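Trainee: Residues per chain are reported as follows:
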Amino acid sequence: DAGVIQSPRHEVTEMGQEVTLRCKPISGHNSLFWYRQTMMRGLELLIYFNNNVPIDDSGMPEDRFSAKMPNASFSTLKIQPSEPRDSAVYFCASRTSGTGAYEQYFGPGTRLTVT
Amino acid sequence: AQSVTQLGSHVSVSEGALVLLRCNYSSSVPPYLFWYVQYPNQGLQLLLKYTSAATLVKGINGFEAEFKKSETSFHLTKPSAHMSDAAEYFCAVSKGGGADGLTFGKGTHLIIQP
Numbered sequence: 001d002a003g004v005i006q007s008p009r010h011e012v013t014e015m016g017q018e019v020t021l022r023c024k025p026i027s028g029h030n031s032l033f034w035y036r037q038t039m040m041r042g043l044e045l046l047i048y049f050n051n052n053v054p055i056d057d058s059g060m061p062e063d064r065f066s067a068k069m070p071n072a073s074f075s076t077l078k079i080q081p082s083e084p085r086d087s088a089v090y091f092c093a094s095r096t097s098g099t100g101a102y103e104q105y106f107g108p109g110t111r112l113t114v115t
Numbered sequence: 001a002q003s004v005t006q007l008g009s010h011v012s013v014s015e016g017a018l019v020l021l022r023c024n025y026s027s028s029v030p031p032y033l034f035w036y037v038q039y040p041n042q043g044l045q046l047l048l049k050y051t052s053a054a055t056l057v058k059g060i061n062g063f064e065a066e067f068k069k070s071e072t073s074f075h076l077t078k079p080s081a082h083m084s085d086a087a088e089y090f091c092a093v094s095k096g097g098g099a100d101g102l103t104f105g106k107g108t109h110l111i112i113q114p
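Chains A and B, in that order, are what the protein sequence lines are.
All letters in the first sequence, in the order written, are residues 1 to 115 by our numbering.
All letters in the second sequence, in the order written, are residues 1 to 114 by our numbering.
Note that these hints are calculated values from the structure, not bench results.
Since the structure is predicted, the reported quantities are computational estimates derived from the model, not experimental observations.
Yeah, the Cβ is synthetic: ideal placement off N, Cα and C, and Gly gets one too.
Keep in mind that the hints are not guaranteed to be accurate.
Just some of the chain B residues that point at chain A, by a computed CB distance under 10 Å [said to hold, decoys possible]:
#	residue
1	F34
2	Q42
3	L46
4	K49
5	A92
6	T103
7	G107
So these bits of chain B aren't anywhere near chain A, every CB distance computed over 10 Å [what the hints assert, rightly or not]:
#	residue
8	L7
9	S14
10	T72
11	D85
12	A87
Could you put together the complete structure from these sequences and hints?
Mentor: Have a look at this one:
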């Protein structure tokens, strides 16, 4: 299996621009999670989906952030407009909900720099 | 609400010495606990998990952790450190009993001295 795939791996953009991060979960996994990692705040859960439906978006910092999962094999995290404080590494993770199978598998992350 | 506290943002041990990384949790429900490792510029990899089946959990790369309910702890240990163990280690607890997102500790940077 290819694992969780994220694109792009690096993104540099100017303040005010729209940024779209992409994630392809492991085939067969029906839960998908978006996390953000910064030096100041560590790893934070932003939002997660079960069977393509958003379940908990309480971690989404502002209305500038939005996430979608149009099908079981694709999700996007969009920031519009972007700000320098959005600079972070964004991770996508997926999981199957089978018995005992609670571990999340993480992608390599997208390093976002907003100047 | 769940929370995790990792004591020591940096831990330094000599190669061959015991590794002990501390994690204490707070949870209003029986917790599911995890240890993840992150190597530079990579994603997180699961080391081991506690899901109530056994209090002593063995993971990959010779690591193990013991769940102690009375101490609300889930410390990570390895008998003999190897240079390749140098990385960032994260303790995490699941929010909803295993089916939801993870709440992570701040992480512990493990340094291995030759």
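Trainee: A closest beta-carbon separation below 10 Å is what the hint needs, so does G107 (chain B) meet it against chain A?
Mentor: holds, 6 Å
Trainee: Would you check whether the claim that D85 (chain B) is not at the interface survives, using Cβ distances to chain A and the 10 Å cut-off?
Mentor: Per Cβ check, D85 (chain B) is outside 10 Å of chain A; nearest 19 Å; holds.
Trainee: Hint F34 (chain B) vs chain A: min CB-CB distance below 10 Å?
Mentor: holds, 7 Å
Trainee: Per the stated criterion, does the least C-beta distance between T72 (chain B) and chain A lie above 10 Å, as a non-interface residue requires?
Mentor: holds, 20 Å
Trainee: Grab the minimum C-beta distance from Q42 (chain B) to chain A and call the hint holds if it beats 10 Å, violated otherwise.
Mentor: holds, 6 Å
Trainee: The hint names A92 (chain B) as touching chain A; please verify it with the least Cβ-Cβ distance against 10 Å.
Mentor: holds, 8 Å
Trainee: Answer holds if the nearest beta-carbon of chain A is closer than 10 Å to that of L46 (chain B); otherwise answer violated.
Mentor: holds, 5 Å
Trainee: The output says L7 (chain B) does not contact chain A. Does that hold with a beta carbon cutoff of 10 Å?
Mentor: holds, 15 Å
Trainee: Verify the interface restraint on T103 (chain B): the C-beta must sit less than 10 Å from at least one C-beta of chain A.
Mentor: Given a least distance of 7 Å, the restraint on T103 (chain B) holds.
Trainee: Determine whether the non-interface label on A87 (chain B) survives the test: each CB of chain A must be over 10 Å from its CB.
Mentor: holds, 14 Å
Trainee: With a cut-off of 10 Å, does the beta carbon of K49 (chain B) approach a beta carbon of chain A closely enough for the hint to hold?
Mentor: Check passed: Cβ of K49 (chain B) comes within 6 Å of chain A, closer than 10 Å.
Trainee: Against chain A, does S14 (chain B) keep a CB gap of more than 10 Å to every residue?
Mentor: Its Cβ never comes within 10 Å of chain A, the nearest being 27 Å, so this holds.
Hint check: no violations occur; every hint is consistent with the structure.
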